[in-house]
Structure formats: C-alpha cells, structure tokens
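*Asks:* Residue-level listing of the chains:
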Amino acid sequence: MLKTFMRRAGKFAAIAAAGLVMSASVQAAEPIKIGSFLSVTGPASFLGDPELKTLQMYVDKINEDGGVLGRQLELIHYDDVGNASSARNFASRLIRSDQVDIIVGGSTTGATMAAVPLVEQAKVPFISLAGAVVITTPVKEWVFKIPQTDRMAAERILTDMKNRGFTKIGLISGTGGFGASGRKQTLEVAKDMGIEIVADETYSGSDTDMTAQLTNIRNTDGVQAVLNFGFGQGPAIVTRNYAQLGIKLPFYQSHGVASDSFLKLAGDSAEGLRLPASPLLVPNALPDNDPQKSVVQNYKSEYEARWDSKVSTFGGYAYDGLMLAVKAIEAAGSTDHEAVREALENIKGYVGVTGEFNMSPEDHNGLEADSFRILEVQNGDWKLID
Amino acid sequence: MLSEFLQYLFTGITIGATYALIALGFTLIYNASHVINFAQGEFLMIGGMTTVSLTAMGVPMLLAIILAVLLAGVFGILLQRFAIAPAKQADVVTLIIITIGASIFIRGLAQLVWGKEYHVMPNFSSDEPIRIFGAVLNSQSLWVLGIGAVLVVALVLFFTRTLIGKAILATSMNKEAARLVGIRTQLVLMLAFMVSALLGSIAGVVVAPITFTSYDIGIMLGLKGFVAAAIGGLGSGVGAVVGGLLLGVVEAMTAGYISSDYKDAVAFSMILVVLFFMPRGLFGAKVVERV
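Chains as they are written, first to last, in UniProt numbering: chain A, 1 to 386; chain B, 1 to 291.
Note that these hints are calculated values from the structure, not bench results. Hints may contain errors.
[Said to hold, decoys possible] Restraint-style ranges between C-beta atoms, simulated for each label pair:
# : chain 1 : residue 1 : chain 2 : residue 2 : range
1 : B       : S125      : A       : E271      : 36 to 44 Å
2 : A       : R93       : B       : M173      : 54 to 62 Å
3 : B       : V266      : A       : K184      : 18 to 26 Å
Computed from a predicted model, the values in this text were never measured in an experiment. Cβ atoms here follow ideal geometry from the backbone N, Cα and C, with glycine treated the same way.
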C-alpha cells in the first residue's frame with residue numbers, strides 16, 4: 001500500500017519536476033532560491049535576528065532592482081533556535097526538499113559544522129556566518145565563511161601590543177567556547193610573535209567577581225599589558241573590577257564585546273581600553289579614502305531606517321554573505337552549483353561591511369587580520385586608532 | 001602578602017554575601033513546604049529587572065525598588081495559587097518539578113518583556129571602592145552584607161516571635177496537625193511563597209549593581225544560592241548565610257592561591273565533603289525518623 005503510494009508520489013513528482021523545468025526554460029523566470037538556517041530565537045538570537053533581518057531586507061531590495069540574472073531571489077529560511085541538530089535537519093530540508101541553489105546561514109559554529117557534512121555530500125555552495133577557525137581550516141570544497149577568525153583577532157591585538165612595545169602580557173579568558181578558543185589561539189599566536197604570556201587566568205561564565213584573578217595578574221612580575229578574551233557580561237565585570245583595583249596597565253578586550261551595549265555595561269571603567277572591531281562601530285571616523293567607508297555607511301543607514309534598531313556586526317556578516325552569493329551567481333552566469341562554487345572561490349577585491357574579501361582555493365574566508373580595526377574607548381565612545 | 005589575602009577575602013565575601021542572600025529565599029519556602037523552589041532565581045531577576053526598567057522610565061530609585069519588590073511578591077502569590085495549589089496532594093518531588101516549569105515560564109515572559117540584553121544598575125552609594133591595607137572593596141558589597149544581616153535577623157524573629165511564622169513552621173512539621181489546630185495551611189503556604197519572593201527580589205536588587213542583571217540571571221545565581229543553602233543545611237537561616245559566605249570565600253581563595261581553573265571544582269568538592277560527613281548540612285535540623 002505504502003509502496004504503491006510512494007511510487008505514485010514519485011511519478012507525480014517526476015512529472016511535476018519535468019513540468020517545472022520546461023516552464024522554467026520557457027519563461028526563464030524561475031526564482032533563484034537562497035536557503036538559510038539561522039538562530040533567530042534562542043540563546044544565539046543576538047546573532048540570528050539581525051542576520052535574518054538583513055537577508056530579508058536585501059533580498060527585497062535586490063528584487064525591486066530587477067533581481068539577479070533577470071531572475072527574482074527567493075529566500076527560504078528556517079530558525080534553528082541555536083540547536084545544532086535542528087540546524088542539520090533544516091540544512092537537509094533546504095537541500096533535499098527546497099532544492100536551494102546556495103545556502104547563506106549558520107549563525108553559530110555548532111550549527112555550521114552540523115550542516116557541513118550534508119552540503120559537502122550534496123555539493124551545494126554554503127556561506128557560513130559563524131566565526132571559528134575550524135569551518136574553513138582545513139579548506140572544505142563547498143564551505144565558505146564570512147567572519148574573521150578568533151586567530152585573526154588575536155593576531156591583531158598582539159600586533160598592536162608589540163607596536164606599543166609590550167612583550168610580557170597577562171591573559172584572562174572565559175571558559176566558554178568563545179573564550180577558550182580565543183585563549184588557545186592567543187597562546188599560539190603569542191609564541192609565533194615572541195610575546196610571553198606571563199599570567200594565564202580564567203573565569204567561568206556565571207562568575208560575578210574577577211578581582212581575585214586580576215589581583216594575581218597585577219602581582220605577576222613584569223606584566224606590561226592585559227588581554228581579556230571573553231563574551232557576554234563577563235568581560236564587562238572584568239573591566240569594572242580592573243578599574244576598581246586601580247590597575248594602570250594598558251587593557252585589551254577581544255572582538256567578542258565590540259558593541260555599544262558593552263560600553264553601557266562597563267561605563268567609565270572601559271575608558272582607555274582597546275579592542276579589535278568591525279568598522280561598523282565607527283562608520284564616520286573612517287578616512288574618506290577607505291574603500292569600506294561608503295559600504296559601511298550605507299548598510300548602517302539602510303538597516304537602521306528599515307528596522308528602527310541599532311545595526312550590529314552580525315547583520316553585517318549576513319550582508320556580505322548575501323552579496324558574495326549574488327556576485328558569484330552573476331559571475332557564473334547561472335545557478336549551476338559547480339560554476340557558482342568556482343566563482344565564489346575566485347572572488348577578488350570584494351569590499352564588504354566586514355572587510356575586503358580575496359577568496360582563493362586555499363582560503364575560503366578571504367579576509368586578512370587587518371580587516372579588524374583597533375578601537376580605543378575615549379570619553380565613553382569608540383575612537384578609531386588603526 | 002597581606003593585601004593579597006585581604007583582596008581574596010573581600011572578593012570571597014562579596015560573592016558569598018550574594019549567594020547567602022539568595023540562599024535565604026530557598027530556606028523560607030523549604031521551611032514551609034519542604035519544596036525547593038527552583039523559581040527562586042526568577043524572583044531575583046524580577047527584582048533587578050523591574051528596578052532597572054522603572055528607573056529607566058524616570059521613577060526614583062527607592063520607589064522603583066519598592067515597586068519591584070511588591071511586584072515580585074505578587075508573582076510569588078500567583079506562583080503558589082496557580083502552579084503549586086492546584087497540584088494539591090502531589091508529593092514534594094512533583095512540586096519541585098512544577099517550580100522548575102514555572103521558572104522557565106517566568107524567564108520566557110521576562111525575555112519577551114525586557115529582551116535579552118544585560119542591564120546596569122548604579123551602586124546604591126558611591127562608585128568609589130573602599131581601600132583597606134592595599135585591598136579594595138566595592139561599596140555595594142557592604143550593602144549586600146548589611147541587608148543580608150538585617151534579613152537574617154528579621155527571619156529569625158519572624159519564625160520565633162510571630163504567629164504567622166510559627167504557623168509556617170507548624171505547617172512544615174505536620175500539615176494535618178496544623179490544620180487540626182486551626183491553621184489554614186493553604187494560606188500559610190501562599191504567605192511563605194510571597195515572603196520568599198520578597199526576599200528573593202530584595203536580593204536581586206541589592207546584587208544587581210555588582211552582577212548586572214538580565215532575564216536569565218536567575219539561572220546561575222539561583223543554582224549557586226541553592227548550593228549555599230544545601231551546605232548550610234536547608235531550612236536554617238544562619239546556615240544559609242554561613243554556607244553562602246563559605247562557598248564564596250573558598251571560590252575566591254582557590255582562584256587566588258591555586259588556579260582559577262579549579263575554582264568551581266574545589267567549591268563543588270567542598271559540598272560533597274560537607275554533605276558526606278554532615279548529610280543535613282552544617283546547621284541542618286536533626287531529624288529523627290520514627291520507624
């Protein structure tokens with residue numbers, strides 16, 4: 001019974017598909033399907049929410065302007081609630097039943113990595129919006145990613161420290177995924193750059209006071225600067241404790257807290273600290289000859305006008321993901337998966353919100369560490385240093 | 001050397017006082033019903049978040065705090081009326097599970113109303129830390145300690161001197177007998193939930209300047225507070241305070257002298273040791289089971 005039904009359904013699907021193909025070749029107006037799975041709700045919603053808003057807004061905008069290759073874009077998106085196994089299910093649905101042409105999504109590293117085996121097997125181009133190094137190192141044929149890695153953040157911070165003549169530093173990091181990975185990368189990069197980590201402290205995500213750890217760092221011989229790699233409210237508490245203890249050493253934070261809400265939490269204590277961040281935080285301070293200036297300003301004003309909420313770095317990842325996908329499809333002249341993949345791999349000099357992308361078969365991220373800008377907190381606001 | 005030790009001690013006392021305040025709320029409901037109310041952390045959150053959002057709307061701080069505490073009290077009553085009371089004769093474990101469900105519900109509600117951002121609350125008094133022998137102490141820590149002390153004394157008096165307090169104790173000891181002597185046990189339970197919500201929300205307001213506050217602050221602080229209450233012996237007010245301070249100081253000393261990596265491990269091993277040798281906690285009541 002079930003078997004006959006399945007067979008009939010299969011036949012029907014085949015006929016329907018044939019019909020679709022014919023009508024597509026007749027009208028040539030079949031929409032290009034962009035699939036996405038994002039953490040729109042749940043603990044990672046601060047990532048997925050601006051990402052989805054950005055995708056929706058720019059898909060609409062591109063369609064109003066006539067679409068891509070004369071075809072409209074169709075955004076098919078699912079909410080993975082920050083859960084890796086639902087991310088995997090949705091990726092599978094996007095590939096098998098929605099038959100999307102390209103996937104732009106995966107707010108978290110967990111969600112992205114859960115979908116990677118599926119897209120590799122189905123051979124669908126996939127642009128991830130998540131941060132960790134593992135996504136594109138080693139290179140996976142069909143997987144690309146937008147954000148800079150935490151390794152680049154560590155490189156950027158340590159370079160700035162070295163330029164200021166600091167070679168012995170104290171490190172305090174969160175024990176969560178972000179902090180732990182950041183700590184590992186910092187230790188590795190420091191070794192390569194000849195910087196010595198003389199104090200290495202940690203705190204857990206639920207800690208409400210870090211003065212004990214900071215006292216240890218302060219009392220370590222020869223420490224010249226302090227770096228805090230962490231995420232959420234932890235770094236804000238560290239910053240406040242740092243000020244309360246009256247530590248005068250130069251203080252660095254990671255890109256994990258590069259947002260206006262961090263400034264609000266840390267208040268006066270944040271004065272003078274430095275961190276690597278997207279130029280999105282200081283769109284007007286960029287020099288006029290900076291190629292990113294107009295892109296960043298446009299994205300910020302369009303997003304804030306459309307959604308009436310503050311723009312975030314994460315939405316910027318979605319912007320770049322979508323634009324890279326569109327660029328690749330245009331360059332390929334079709335939505336043929338292999339052609340789009342090749343086009344993506346050969347994108348050079350695309351200036352986005354996040355940085356300038358130069359993809360290659362060996363580098364599916366395409367960004368350099370200096371796409372991070374070093375900002376300093378001055379008078380309660382961000383100031384562009386480098 | 002001394003300044004280092006003092007700094008770790010101050011850190012420990014600050015954290016510990018926070019835990020102690022939260023542990024007190026667990027104590028009260030446990031005394032009345034033998035239920036461990038896992039929504040206690042949510043009362044904390046309601047206190048902190050309501051104060052923050054009211055002050056943001058221009059309400060003076062003191063009034064905002066009072067309103068926030070009252071709101072939490074109302075939530076305490078609602079929780080008892082609509083979640084605990086309908087379960088009637090259900091056993092304690094079922095009731096505990098109900099409180100977990102309620103905590104998830106309240107958290108979801110808070111997320112809708114207030115969003116997911118962390119919020120700051122200013123210190124009650126000066127932002128300047130106090131310096132003693134080279135160590136610094138956040139002035140808010142003194143508020144936490146002071147209010148904690150006042151609440152403990154108030155609780156002790158409440159349970160030993162007032163009729164309602166005695167009624168709560170009687171209900172916890174033997175519900176049937178309490179009813180027979182004319183105590184309206186449902187009302188007593190409702191009162192216990194209300195008072196514990198008041199306590200929790202006061203704790204939430206006092207610690208918010210140190211810990212920040214957000215819709216999910218209750219999860220982490222609630223758990224630590226529960227641990228402190230368990231060390232001290234569930235049901236004992238003094239035990240809650242000693243348990244909280246002990247937990248905080250051990251955490252800070254471990255982070256300072258051993259390694260911050262082992263901080264939580266040492267704290268949790270301590271619980272195992274305490275509960276192994278003193279299964280009812282440091283100050284737990286000696287219960288004689290009649291066989």
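*Asks:* If you test the structure against every hint from before, which numbers come out violated?
*Replies:* The structure breaks only hint 1.
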